[in-house]
Amino acid sequence: METLKEFWLFLRTRKKYWLIPTFVLLLLIGFLIVATSGSALAPFIYSIF
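Quick note, the sequence shown lines up with residues 3 to 51 if you use my numbering.
Simulated from the structure, these hints should not be mistaken for laboratory data.
Some clues are possibly wrong.
[What the hints assert, rightly or not] Simulated pairs of lysine to any residue, SDA-like, Cα-Cα distance not exceeding 20 Å:
no., residue 1, residue 2
1, 18, 8
2, 7, 38
3, 7, 34
4, 7, 21
5, 7, 26
6, 18, 5
7, 7, 39
8, 18, 4
9, 17, 30
10, 7, 29
11, 7, 19
12, 18, 29
13, 7, 23
14, 7, 24
15, 18, 6
16, 18, 34
17, 7, 18
18, 7, 22
19, 17, 5
20, 7, 20
No experiment lies behind these values; they were computed from the predicted model shown.
Go ahead and model the full structure; you've got the sequences and the hints to work with.
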(Lines of atoms letter the chains of each structure in order from A and count residues from 1; the text may use other names and numbers.)
(Lines give C-alpha, C1' and ligand atoms only; values in the text may rest on other atoms or scores of the structure.)
Protein backbone atom coordinates (compact mmCIF):
# COMPACT_ATOMS: atom_id res chain seq x y z
CA MET A 1 0.00 0.00 0.00
CA GLU A 2 2.92 2.33 0.58
CA THR A 3 3.90 2.08 -3.08
CA LEU A 4 0.41 3.07 -4.20
CA LYS A 5 0.42 5.98 -1.78
CA GLU A 6 3.76 7.23 -3.10
CA PHE A 7 2.59 6.76 -6.69
CA TRP A 8 -0.55 8.82 -6.00
CA LEU A 9 1.48 11.58 -4.33
CA PHE A 10 3.82 11.63 -7.33
CA LEU A 11 0.89 11.95 -9.73
CA ARG A 12 -0.73 14.69 -7.69
CA THR A 13 2.38 16.82 -7.24
CA ARG A 14 3.67 16.47 -10.80
CA LYS A 15 0.17 16.66 -12.37
CA LYS A 16 0.76 13.54 -14.45
CA TYR A 17 -2.86 12.36 -14.40
CA TRP A 18 -2.53 10.79 -17.84
CA LEU A 19 -0.49 8.00 -16.23
CA ILE A 20 -3.52 6.70 -14.29
CA PRO A 21 -5.24 4.92 -17.23
CA THR A 22 -1.90 3.45 -18.31
CA PHE A 23 -1.24 2.11 -14.82
CA VAL A 24 -4.76 0.66 -14.52
CA LEU A 25 -4.48 -1.01 -17.91
CA LEU A 26 -1.16 -2.61 -16.95
CA LEU A 27 -2.68 -3.88 -13.70
CA LEU A 28 -5.67 -5.38 -15.53
CA ILE A 29 -3.52 -7.13 -18.12
CA GLY A 30 -1.24 -8.47 -15.39
CA PHE A 31 -4.19 -9.75 -13.39
CA LEU A 32 -5.67 -11.37 -16.49
CA ILE A 33 -2.42 -13.20 -17.24
CA VAL A 34 -2.01 -14.38 -13.64
CA ALA A 35 -5.65 -15.46 -13.32
CA THR A 36 -5.65 -17.51 -16.53
CA SER A 37 -2.12 -18.90 -16.47
CA GLY A 38 -3.09 -22.37 -15.29
CA SER A 39 -6.60 -22.65 -16.67
CA ALA A 40 -8.16 -23.98 -19.84
CA LEU A 41 -8.87 -20.40 -20.93
CA ALA A 42 -5.19 -19.57 -21.35
CA PRO A 43 -4.99 -20.41 -25.10
CA PHE A 44 -7.99 -18.18 -25.83
CA ILE A 45 -6.62 -15.26 -23.81
CA TYR A 46 -3.22 -15.47 -25.50
CA SER A 47 -4.84 -15.48 -28.94
CA ILE A 48 -6.38 -12.07 -28.17
CA PHE A 49 -2.94 -10.53 -27.78
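Pair hint residue 18 and residue 5, alpha-carbon separation not exceeding 20 Å: holds, 16 Å
Restraint status (C-alpha distance of residue 18 to residue 4 at most 20 Å): Holds, at roughly 19 Å.
20 Å Cα cutoff - pair residue 17, residue 5: holds, 18 Å
Distance restraint between residue 18 and residue 29, which requires alpha-carbon spacing of 20 Å or less: Given that 20 Å is the threshold and the Cα spacing comes to 18 Å, the pair holds.
Restraint status (C-alpha distance of residue 7 to residue 26 at most 20 Å): holds, 15 Å
20 Å Cα cutoff - pair residue 7, residue 23: With Cα atoms ~16 Å apart, residue 7 and residue 23 stay inside 20 Å; holds.
20 Å limit on alpha-carbon distance, applied to hinted pair residue 7 and residue 19: holds, 15 Å
Straight-line alpha-carbon gap residue 7 to residue 21, limit 20 Å: holds, 15 Å
Hint consistency between residue 7 and residue 34 [alpha-carbon to alpha-carbon, up to 20 Å]: With a Cα-Cα distance of about 24 Å, the restraint between residue 7 and residue 34 is violated, given a limit of 20 Å.
20 Å Cα cutoff - pair residue 7, residue 20: Within the cut-off at roughly 17 Å; holds.
Given hint residue 29 paired with residue 7 - CA-CA distance at most 20 Å: holds, 16 Å
Holds or violated: residue 17 to residue 30, with C-alpha atoms at most 20 Å apart: violated, 23 Å
Violated hints, listed in ascending order, are 2, 3, 7, 9, 16; each of the other numbered hints is respected by the structure.
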